[in-house]
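K.L.:
Chain residues, written in single-letter form:
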Amino acid sequence: MQVDGTDADGTPCTECVGFSSFWDFLTAVAKVPAFCNANNGPAYARFGQVAMCAKEFASLVAVYVTQTGPIHNDLPELVDADGNPIADYLSGGQTTEENRCVSTHDNYDETWCDELKNHYNNYAQADSFYTDRIDVNTEDYYPRGAGYVMGIEHYYWMSQILYGDNTLVDDPSILATDPVAFWLAGLKTWMIPQEGRPAPHNIITGQWEPTEDELDIGLSDGMGAVSALLYGASQCGISKHPVANSRKSIYEGLIALLNADDGSWTAADTIYSWEDNGCETVKRMAFPNDQDYAVLPQFAAISYLGDDGFTVNYANDGCYVVDHETDYIIWQKDAWKKCSVAAVEA
Amino acid sequence: MGITYLIYPDSGPMEMETLPLYVSSYGELCGNIYDTDEATARVLYAAADGQFDPDAAAITADTLEDDYPENVKNLLEFLDEEDWDYYTAN
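Going down the list, the sequences are from chains Y and G. Under this note's numbering, think of the first position of the first sequence as 1, with each following residue one higher. Under this note's numbering, think of the first position of the second sequence as 1, with each following residue one higher.
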């Protein structure tokens, strides 16, 4: 996607520079230390970090290009100056938000977007934990950013993790207009396990392995499971889904391309024969949320109230781990330390 | 000794479980993967990998290679600005 900027001579121009520079992307990556430098799961620990990084990058790009490309977003096919179609793998980045919810976009679909609102909260529907911490507002927290962050709760936590304040809930448009925040929205979805399921990062680095139940529904290690996680029945279990097939094709194309100049590694080395790059053979259903990642408490609490309703109990080691929201989410830098300090002060 | 996980069921009294975690001398929450089964170890890896570092400095064309964090160094082994511009030109 091209946006307004300045040309090589410094003259202002219209739709003439890319939305995100290479340096924007690297800046976002630097804020997510384990992306491309994972604690690889046991089955993948024998591969070098660079080769595993190449595999992870290929999978991220395949998701990004298809998610933001013309087909998935019902946008006109891209053509070059001669009118020839531009290949799928070069067509990503056509949108930075769900354009069906953007009232000024040609694809705006009020009915569709209203239906989507049944799946996420704005301020009016938010739990008191959030309304106690966020100013009253009428913002619409529809999907924005590379990871399609959606709902006031996700905007709130992303804001706390990245800014330590309410920047993103106060101005959610940042995810679609600031390139570094845009990429970080994608990396949030990529890195953080949610709702009892692994994150794509966990799948691609072997931090997730299919259980017997997951094998029974056709899930196996690899890129296909990432597709099943992100798109489930809407794209998987279907032999000719254009977006799913494009994602698989882009992934395989990149994997074939990425290797060391000196021949010391190839991305293809990191893919086992039992991995599945596509998801057409996975049963048409949502990715299971009752398996190995079903229990992953994400918050720390300084105390709990005893059965008598009066006694406040503090932990010997500073804090407890809980599922429900507190001011300390484990994905935030130094969250445990901050909780422990608060416990001592209490 | 582990960290206590407070479980609040939809109904009934709160339950407690001890997780295989400990607090390091730096005040960080840690897990020993050798004390756990493989599936739990993988989830512990996931919990560690999900941490963000909002204080990491911006990377620009002027940033010295020695100042790149490890993950950026890994990425730059096979990706450069020319590749990026080619793939994002449209």
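Source of the hints: derived by calculation from the structure; they are not laboratory data. For glycine and all other residues, C-beta sits at the position ideal for the given N, C-alpha and C. One or more of the hints may lead you astray.
Claimed, not checked - Once the Cα atoms are required to be at most 25 Å apart in a straight line, the calculated DMTMM-like pairs of lysine to aspartate or glutamate come out as:
id, chain 1, residue 1, chain 2, residue 2
1, Y, Lys117, Y, Asp82
2, Y, Lys240, Y, Glu153
3, Y, Lys333, Y, Glu153
4, Y, Lys333, G, Glu70
5, Y, Lys338, Y, Glu98
6, Y, Lys338, G, Asp53
7, Y, Lys333, G, Asp66
8, Y, Lys338, Y, Asp327
9, Y, Lys338, G, Glu17
10, G, Lys73, Y, Asp262
Stated by the list, open to error - Derived Cβ-Cβ restraints for the label pairs, each shown as a range:
id, chain 1, residue 1, chain 2, residue 2, range
11, G, Asp83, Y, Ser264, 17 to 23 Å
12, G, Ser24, Y, Asn84, 32 to 38 Å
13, G, Asp80, Y, Thr138, 31 to 37 Å
14, Y, Gly164, G, Tyr22, 35 to 41 Å
15, Y, Asp132, G, Met14, 28 to 34 Å
16, G, Gly12, Y, Ser239, 45 to 51 Å
K.L.:
All hints are to be evaluated individually against the structure, with a verdict given for each.
P.N.:
Hint check results:
Between the alpha carbons of Lys117 (chain Y) and Asp82 (chain Y) the distance comes to roughly 41 Å, so the proposed pair goes past 25 Å and is violated. A hinted pair counts as satisfied when its Cα atoms are at most 25 Å apart, and Lys240 (chain Y) with Glu153 (chain Y) does not qualify at roughly 35 Å. Between Lys333 (chain Y) and Glu153 (chain Y) the CA atoms are separated by roughly 19 Å; this keeps the pair inside 25 Å, and the hint holds. About 18 Å separates the Cα atoms of Lys333 (chain Y) and Glu70 (chain G), which keeps this hinted pair within 25 Å; it holds.
For the hint pairing Lys338 (chain Y) with Glu98 (chain Y), the CA-to-CA distance comes to about 36 Å; that exceeds 25 Å, so the pair is violated. Note on Lys338 (chain Y) and Asp53 (chain G): the hinted pairing holds, with a Cα-Cα distance of about 15 Å set against a maximum of 25 Å. Between the alpha carbons of Lys333 (chain Y) and Asp66 (chain G) the distance comes to roughly 23 Å, so the proposed pair stays at or under 25 Å and holds. Among the hinted pairs, Lys338 (chain Y) with Asp327 (chain Y) is consistent with the structure: their alpha-carbon atoms are about 9 Å apart, no more than 25 Å.
Taken as a hint, the Lys338 (chain Y) and Glu17 (chain G) pair is honoured in the structure, with Cα atoms around 23 Å apart against an allowance of 25 Å. Taken as a hint, the Lys73 (chain G) and Asp262 (chain Y) pair is honoured in the structure, with Cα atoms around 17 Å apart against an allowance of 25 Å. For the pair Asp83 (chain G) and Ser264 (chain Y), the beta carbons lie near 19 Å from each other, so the given range of 17 to 23 Å is met. Distance hint for Ser24 (chain G) and Asn84 (chain Y): a CB-CB separation of about 58 Å, inconsistent with the stated range 32 to 38 Å.
Separation of Asp80 (chain G) from Thr138 (chain Y) is about 44 Å and departs from the stated range, judged on CB atoms against 31 to 37 Å. Between Gly164 (chain Y) and Tyr22 (chain G) the beta carbons are some 26 Å apart, a value that contradicts the proposed interval 35 to 41 Å. At about 22 Å, the beta-carbon gap between Asp132 (chain Y) and Met14 (chain G) misses the expected band of 28 to 34 Å. Taking the beta carbon of each, Gly12 (chain G) and Ser239 (chain Y) are about 46 Å apart, inside 45 to 51 Å as hinted.
In summary, the numbered hints that this structure violates are 1, 2, 5, 12, 13, 14, 15.
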